[in-house]
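All chains should be built: construct the whole structure from the sequences, respecting the hints.
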Amino acid sequence: MERILEVKDLHVSFHTYAGEVKAVRGVNFHVNRGEAVAIVGESGCGKSVTAQTLMKLIPMPPGDIKKGEILFNGENIVKKSNKEMESIRGKDIGMIFQDPMTSLNPTMTIGNQITEGLIKHQNMSRAAARDRAIELLTMVGIPQPEKRVEQYPHEFSGGMRQRAMIAISLACSPKLLIADEPTTALDVTIQAQILDLMKDLQKKTGTSIILITHDLGVVAEMCDRVIVMYAGKVIETGTVDDIFYNPQHPYTKGLLRSVPRLDLNRDEPLTPIFGTPPDLLRPPVGCGFTARCESAMRVCQEIDPELNEISTTQRAACWLQHPLAQNHAGS
Amino acid sequence: MIRYLGKRIIFMLISLFLIVTATFFIMKAVPGGPFTSEKNVPDEIKAALEAKYKLNLPMHEQYLEYLKGVVTWDLGPSFTEKSSTVNEMINRGFPVSAHLGAQALLLAIFGGIILGVIAALKHNKWQDYSAMVIAVLGLSVPGFILASFYQYFFAIQWGLLPIAKWEGFEYTILPSLALAASPMAFIARLTRSNMIEVLGQDYIKTAKAKGLHTFTITVKHAIRNALLPVITYLGPLIANILTGAFVIERIFGVPGLGREFVLSITNRDYTVIMGTTVFYSIILVVMILIVDMAYTLVDPRIKLADAGKE
Amino acid sequence: MQQLTKEHFQPVSVDLRQAEAIKRPSLSFWADVWRRLKMNKVAMASLIFIVALMVCAIVIPMVSSNDYFTTDLAGKNKKPSAEHWFGTDDLGRDMFVRIWYGARISLEVGLAAAFIDLIIGVIWGGIAGFYGGKVDELMMRFADILFAIPYLLVVILLMVVLSPGVGTIIIALTITGWIGMARIVRGQILQLKSQEFVLAARSLGADSGRLIFKHLIPNALGPIIVTLSLTVPSAIFAESFLSFIGLGVAAPVASWGTMSSEGLPAMKYYPWRLMFPAIFISVTILAFNLFGDGLRDAVDPRLRK
Numbered sequence: 001m002e003r004i005l006e007v008k009d010l011h012v013s014f015h016t017y018a019g020e021v022k023a024v025r026g027v028n029f030h031v032n033r034g035e036a037v038a039i040v041g042e043s044g045c046g047k048s049v050t051a052q053t054l055m056k057l058i059p060m061p062p063g064d065i066k067k068g069e070i071l072f073n074g075e076n077i078v079k080k081s082n083k084e085m086e087s088i089r090g091k092d093i094g095m096i097f098q099d100p101m102t103s104l105n106p107t108m109t110i111g112n113q114i115t116e117g118l119i120k121h122q123n124m125s126r127a128a129a130r131d132r133a134i135e136l137l138t139m140v141g142i143p144q145p146e147k148r149v150e151q152y153p154h155e156f157s158g159g160m161r162q163r164a165m166i167a168i169s170l171a172c173s174p175k176l177l178i179a180d181e182p183t184t185a186l187d188v189t190i191q192a193q194i195l196d197l198m199k200d201l202q203k204k205t206g207t208s209i210i211l212i213t214h215d216l217g218v219v220a221e222m223c224d225r226v227i228v229m230y231a232g233k234v235i236e237t238g239t240v241d242d243i244f245y246n247p248q249h250p251y252t253k254g255l256l257r258s259v260p261r262l263d264l265n266r267d268e269p270l271t272p273i274f275g276t277p278p279d280l281l282r283p284p285v286g287c288g289f290t291a292r293c294e295s296a297m298r299v300c301q302e303i304d305p306e307l308n309e310i311s312t313t314q315r316a317a318c319w320l321q322h323p324l325a326q327n328h329a330g331s
Numbered sequence: 001m002i003r004y005l006g007k008r009i010i011f012m013l014i015s016l017f018l019i020v021t022a023t024f025f026i027m028k029a030v031p032g033g034p035f036t037s038e039k040n041v042p043d044e045i046k047a048a049l050e051a052k053y054k055l056n057l058p059m060h061e062q063y064l065e066y067l068k069g070v071v072t073w074d075l076g077p078s079f080t081e082k083s084s085t086v087n088e089m090i091n092r093g094f095p096v097s098a099h100l101g102a103q104a105l106l107l108a109i110f111g112g113i114i115l116g117v118i119a120a121l122k123h124n125k126w127q128d129y130s131a132m133v134i135a136v137l138g139l140s141v142p143g144f145i146l147a148s149f150y151q152y153f154f155a156i157q158w159g160l161l162p163i164a165k166w167e168g169f170e171y172t173i174l175p176s177l178a179l180a181a182s183p184m185a186f187i188a189r190l191t192r193s194n195m196i197e198v199l200g201q202d203y204i205k206t207a208k209a210k211g212l213h214t215f216t217i218t219v220k221h222a223i224r225n226a227l228l229p230v231i232t233y234l235g236p237l238i239a240n241i242l243t244g245a246f247v248i249e250r251i252f253g254v255p256g257l258g259r260e261f262v263l264s265i266t267n268r269d270y271t272v273i274m275g276t277t278v279f280y281s282i283i284l285v286v287m288i289l290i291v292d293m294a295y296t297l298v299d300p301r302i303k304l305a306d307a308g309k310e
Numbered sequence: 001m002q003q004l005t006k007e008h009f010q011p012v013s014v015d016l017r018q019a020e021a022i023k024r025p026s027l028s029f030w031a032d033v034w035r036r037l038k039m040n041k042v043a044m045a046s047l048i049f050i051v052a053l054m055v056c057a058i059v060i061p062m063v064s065s066n067d068y069f070t071t072d073l074a075g076k077n078k079k080p081s082a083e084h085w086f087g088t089d090d091l092g093r094d095m096f097v098r099i100w101y102g103a104r105i106s107l108e109v110g111l112a113a114a115f116i117d118l119i120i121g122v123i124w125g126g127i128a129g130f131y132g133g134k135v136d137e138l139m140m141r142f143a144d145i146l147f148a149i150p151y152l153l154v155v156i157l158l159m160v161v162l163s164p165g166v167g168t169i170i171i172a173l174t175i176t177g178w179i180g181m182a183r184i185v186r187g188q189i190l191q192l193k194s195q196e197f198v199l200a201a202r203s204l205g206a207d208s209g210r211l212i213f214k215h216l217i218p219n220a221l222g223p224i225i226v227t228l229s230l231t232v233p234s235a236i237f238a239e240s241f242l243s244f245i246g247l248g249v250a251a252p253v254a255s256w257g258t259m260s261s262e263g264l265p266a267m268k269y270y271p272w273r274l275m276f277p278a279i280f281i282s283v284t285i286l287a288f289n290l291f292g293d294g295l296r297d298a299v300d301p302r303l304r305k
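Chains W, S and U, in that order, give the protein sequences.
Number 170 in full-length UniProt numbering belongs to position 170 of the first sequence; there are no gaps in the numbering.
Number 227 in full-length UniProt numbering belongs to position 227 of the second sequence; there are no gaps in the numbering.
Number 95 in full-length UniProt numbering belongs to position 95 of the third sequence; there are no gaps in the numbering.
Bear in mind the hints are in silico, worked out from the structure with no lab data behind them.
Nothing here was measured: the structure is a model prediction, and the numbers come from that model.
Keep in mind that a hint or two might mislead.
Unchecked claim - Derived DEER-like restraints, expressed as beta-carbon distance ranges:
| id | chain 1 | residue 1 | chain 2 | residue 2 | range |
| --- | --- | --- | --- | --- | --- |
| 1 | W | 80 | S | 99 | 50 to 60 Å |
| 2 | S | 133 | W | 306 | 36 to 46 Å |
| 3 | W | 203 | U | 135 | 51 to 61 Å |
| 4 | U | 31 | W | 19 | 21 to 31 Å |
| 5 | W | 268 | U | 12 | 22 to 32 Å |
| 6 | S | 200 | U | 69 | 53 to 63 Å |
| 7 | W | 32 | U | 203 | 47 to 57 Å |
| 8 | U | 300 | S | 64 | 46 to 56 Å |
| 9 | S | 165 | U | 29 | 52 to 62 Å |
| 10 | S | 64 | U | 145 | 21 to 31 Å |
| 11 | W | 259 | S | 197 | 36 to 46 Å |
| 12 | S | 110 | U | 279 | 25 to 35 Å |
| 13 | U | 145 | W | 125 | 45 to 55 Å |
Where a beta carbon is used, it is the ideal one built from N, C-alpha and C, also for glycine.
Written as structure tokens, this is what we have:
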């Protein structure tokens, strides 16, 4: 399988007036051609920062890529200048944002927002770009595209706006699409439609997708592999089956346990994971999850575990995987 | 659209009517007539003058005469400048004031926008701070003080530019700068805060994610959205420039309508005061209406025709 | 890497409930505003200046041996000296003490106009906003029509007609000046009314009075106070403008505006007669503007850096 993206030991910090916030503290993962990979985690775990760093969208005065490599198509993105990035963004990598309401320019027609990228990256004429825009709107399932192409975002409904966003991001047929919580701001029924659309498009175009979300249901619907992040690090990766049926990290297990299920007794309380994530201004020395982990051990407080191989497809960063820990029947 | 326009025009007429009426009654409220200061006027001449100026009619008839005058645009003769009518004075002075005002407005708009955009792009850096210091000074130092300073330093002390009068392009520089200072500062601050807000919006991130040039993003996406609210302030801004011009014209000896107005106040020349007030009010109210209309045309989110089809 | 032993893998008890404890002390809204304001050096400096100005304006005329109207034609147009710190004007009057009398006028006008605007505006806007519907429409329509009349024109006209003096200036300024405040208050109340905390309070049994005083007004106070502090400099500007064109206070009363107007023609030979009042007007307005800005930043949490 060809690797289209490889992230190695990425460290991203923000220099704020209160100090340095270490948002991403050593992230490693890869995406193969044609796959859909999910990055899952709670708010503040660093998944959005990672995603935006892939396109170098983080403003670099407060933001800072301190270490690491991002290899896209063999080239290291970290080393690229903004000018060089301009020819990658929109063309080789596309991005969809969370809130379609605010992610579209309210004073520009949808058509213009689609053709902008086409005209720049593919040197199309206005007329050709407009035709392609109508094609794209049809592809994402927007009815009456010739009319819609001249309309403004406020004339679209929420679901339609997100479809338009997808059209914009796919306009130049990028090899990689990053979707940052694309359905979080939408109704559940619309969510399902958008996910179906994305699955469909992926099959048709063969684009690799990175799907950022905190919703495990969405992951199960769409993705081949899952990357679980916590407190700025990747703490578990695996195929969808690995993660859902054989989670190894206590955090992953906690996540799965906390999802409300239809087959649970109605009177049973939900099981959250108690506590809050650590303050990344002063990140903990050991494993970031220690303070909330039922199986915490002394070593967890002192040394941060690396990702261990559990199988060819699954890895977890947890001291419970260590041979010395196997004697305690780790939950 | 037509209905909205119609409504606005009606409001405009009501406001104008109120102003015109208020002006009339305020003037009439002043004790003594316009001739009381002129001593030793024989009674017959006084009576003749009063008849000429229709001051011997009962109040409501005077009011109707006055309204008639306004509607037919005959604002009567000046009391102190015996050979001129108010209309003549307006026709003489207004083009000069309009020139000054327009120059100042253009300066304020372009200067303010450029200053504001630069400050926003270099947020929290030295360009931002210095631009905002200039802006705050421009807003705080009253126009007439600034004008005095300009006159003192540029004209009197250093002799770089003419002290007063209006006889060529270089004569217009200092007055325009003085008049434009406060509006420019206001526009700069407004543009800056709008730009900063817009630059933090999600759609700017989307534009960046599309790989567009930084320049394109700034101009096509950011500035356009940041400027929209600025248009709504153009109305009050024009009002500011208009009233600010009174004093600037006086200081620089510019023969405009503002100077006439100030003189007429000092001389208590009531027809001129009333006529000029009415004239200014009409101009202002119309300008504000035009600006508001322009805004609704420029912002695609405002649809006046039918409430959006969906 | 150190050697790992079995010791390391002993379980550690973790108090999961403790993890939920709130780490930072909570501040009341106004304490937070004050804290933020204190951090703003420019705003604090302006505040100190304003307070100093007020103190001087009250005290100096009281203790000075000069007054603002005694003329001394022999000692006219004297440069600033030890005897007359700011020099004398063309009637021999001491400029220094006249500046402080002028300060009294500017401050009186500024503060009075702002407070009257506040009272009228809060009542008008509060009623319109709270009751909404037809009441709101009627009241704001009336305000809109009034607002369309150019502010300074009205002021000028009134001053032409009324006898000069501080009182009439204040009346002229507040006749249409309250509209801005009314709009802000109404806007705030309307916005707050529809927010969920009002619904929550109501569903917990709060009545109208409690709603207005404990919930709506405290939340609306922020923009109200900011508007108040920005009305002052605009009133001071208006007073000096009026006095400058001869419509403000009458001679021999000293106002910064009249002093500037008198100093203007003598600018070439006796520049201090214009400089001092001009500088005082500018710096005072500047200080109030900067303080108002600082207040606005402190009150609006979204502007947190």
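Okay, the hints, checked on the actual structure:
no., hint, in the structure
1, W:80 - S:99: 50 to 60 Å, "holds, 53 Å"
2, S:133 - W:306: 36 to 46 Å, "violated, 53 Å"
3, W:203 - U:135: 51 to 61 Å, "holds, 60 Å"
4, U:31 - W:19: 21 to 31 Å, "holds, 24 Å"
5, W:268 - U:12: 22 to 32 Å, "holds, 29 Å"
6, S:200 - U:69: 53 to 63 Å, "holds, 57 Å"
7, W:32 - U:203: 47 to 57 Å, "holds, 53 Å"
8, U:300 - S:64: 46 to 56 Å, "holds, 53 Å"
9, S:165 - U:29: 52 to 62 Å, "holds, 57 Å"
10, S:64 - U:145: 21 to 31 Å, "holds, 23 Å"
11, W:259 - S:197: 36 to 46 Å, "holds, 37 Å"
12, S:110 - U:279: 25 to 35 Å, "holds, 30 Å"
13, U:145 - W:125: 45 to 55 Å, "holds, 53 Å"
The earlier numbered hint that this structure contradicts is number 2, and it is the only one.
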